[in-house]
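J.: Chains A and B, in that order, are what the protein sequence lines are. Count the first sequence with my numbering and you get residues 1 to 401, in order. Count the second sequence with my numbering and you get residues 1001 to 1146, in order.
Some hints could be false.
To be verified - Only pairs whose alpha carbons sit at most 20 Å apart, straight line, appear in this in silico EDC-like list of lysine to aspartate or glutamate:
# : chain 1 : residue 1 : chain 2 : residue 2
1 : B       : K1042     : B       : D1058
2 : B       : K1121     : A       : D76
3 : B       : K1079     : A       : E261
4 : A       : K30       : B       : E1106
5 : B       : K1121     : B       : E1062
6 : B       : K1042     : B       : D1122
7 : B       : K1045     : A       : D263
8 : B       : K1045     : B       : E1062
9 : B       : K1045     : A       : D76
What the hints assert, rightly or not - Far from chain A, by Cβ distances over 12 Å, these chain B residues were calculated:
#  : residue
10 : W1092
11 : T1109
12 : S1144
To be verified - Partial selection, computed: residues in chain B whose CB lies under 8 Å from chain A:
#  : residue
13 : V1060
14 : T1070
15 : L1083
16 : S1086
17 : S1090
18 : R1096
19 : F1097
20 : S1098
21 : G1099
22 : S1142
23 : T1143
Derived from the structure by calculation, the hints contain no laboratory data. We treat Cβ as the ideally placed atom computed from N, Cα and C, and that holds for glycine.
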Amino acid sequence: MSSTFRNRVSGATLCAGLLASSTALASSEKLEISGFGRIVAGFIDDPSVSFEGYENEVSFNEQTLLALQADYHLLDNLMITSQVLAHTNSERDSGVEWFYASYVPHNNWLIKGGRMRTPFYYYSDVIDVGFAYPWISPPQQLYSAFLFNQYDGASVIHNFALGNISGSVEGYYGSFQGDTQFQDRRYATDIDGLTGVVFNGVYNANLRFRASYTTADFRVNLAEISAFADQLRSFGFVESANSLTMEGTFDIYQVGLSLDELDYNLAWEWMEIQSDTVLAPNIESYYIQGGLVFHPFTVHLTYADMATNPQAPASDIPLGLSPDLDQLYYGYQTVFARTQAADLESVTLGVRWDVGVSVAFKAEVTHYRGALGISTFEAVDDRTDFDESVNLYQLGMEFVF
Amino acid sequence: MRRTNFLRHLLMTSLLGFSALHCQAQEHDIVVVANVGNTAVKLNKIDIRNLFMGNASDVVLEPVSLPPQTLARAVFNTKIIGLTESRIQSYWSQMRFSGRSRPPREVATVDELISYVSSHKDTVAFVPANAVIPPHLTVVYSTSSL
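Just chain A, same shape as in the assembly (with noise of 0.2 Å):
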């Protein structure tokens, strides 16, 4: 275990602290702690690649975590809520996850300021809860990091009933200015006009339905690719230096249905990215689960897929007219390729087992089938001999408190 991750637990050993000291102060009625963790440890079959930051030899760095939550009530209506993380994952920063002020101006609204999770699909803002899924690994073509998955702004929420149906509909708008992660890079990204719908309903208490949509203008600062297209520019191949970058807007349309019974549950759920920037793919993934409960063990199986929808490289450098235009065109090919998204398909059959009313087990082993490409595979040492499928092993612990 590294010492950055003993200088992070340390840090939140001593929000803790200051937390559980000012408990002292504050009548314990207005200051709740709360929390959640998880200790994961995993492998892939194949030394040729990596995945989700997984290699060939086990790992507990990958997604293991610690969080506490402290939401301290300043009036009945109006609570500050905090949320400090510490993560072994070095490429996820530890620190202030969530922290927003929500105030309920009346029985059936909620509205909230501050520092939030974007809530992009049904699991996006707890993502870090292993202990409300039944995954180890939620659906990667879904839930990869590859989105940012915090912003500042501001949300509302309304809740309704009508007859059988109770359901909520929330509209929030925020900027992000952070890192985004491919693989093991991180890139300086800008979000701004984050607009979002969410529609959440309920039927006879058991079915949920959500559906929701996003939009927003994006600049990811691809650092060593900007300068080639910089570089390309400057020789007045604008399409090409165009194709570079990673600037436009997206939209996500999100749609999901989940059943829940005493011995079985089912859930399937859908997104697709479209975005107008050729280095951005549109991209469209889904998956389908279903478990089976054996109280305490709930056995659940998964196929999720995602399909890309890669664009054409620009074509205006020229070929065969010198040996300098034909280097930069071959230059452009390379740098383009590797850009590019590739479709991924796995099945996953996963165990959880549930000790108590705040700690799971949970094992799982997912087959995916893909090629290389930036929000999958990423070959290790430039090895040449992946046969596109690869089997996870995940063990986990879960708990809550």
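Here the structure of chain A is known, so what remains is to put chain B in place on it, guided by the hints.
T.: Coordinates of chain B only, in the frame set by chain A:
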């Protein structure tokens, strides 16, 4: 369907514990009581599910619950909510840590629960069917009438 019923039976038995089989049938039944000052009020299962799962409902009452390890709560989960305690806890972790809603207030014993509901207007709770219920509380639902 037959398999589902068998599984339900198995679940009920494992959730409620074998020793409970020797208890009176009434202990496997619960009543839902509310402090509404109107004896004509009745709720259906969906109203109660929505109230105790934090979903919006036409009925505006504050739900109050017993701790997870209690028999009455196991009966309530199985017969009314229709989910295991584990699934309910997992659901509340999602709601709580995403800042959407929070689980119902919990009090330690049936006596404390009845006393809390008695003294707080517009509250609702489930208690064992054989519990002594003060006359000013309204029984809004009973599992034994099914």
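J.: Are any of the numbered hints broken by this structure? If so, which, sorted upward?
T.: Hints 9, 10, 14, 22, 23 are the ones this structure does not satisfy, whereas the remaining hints hold.
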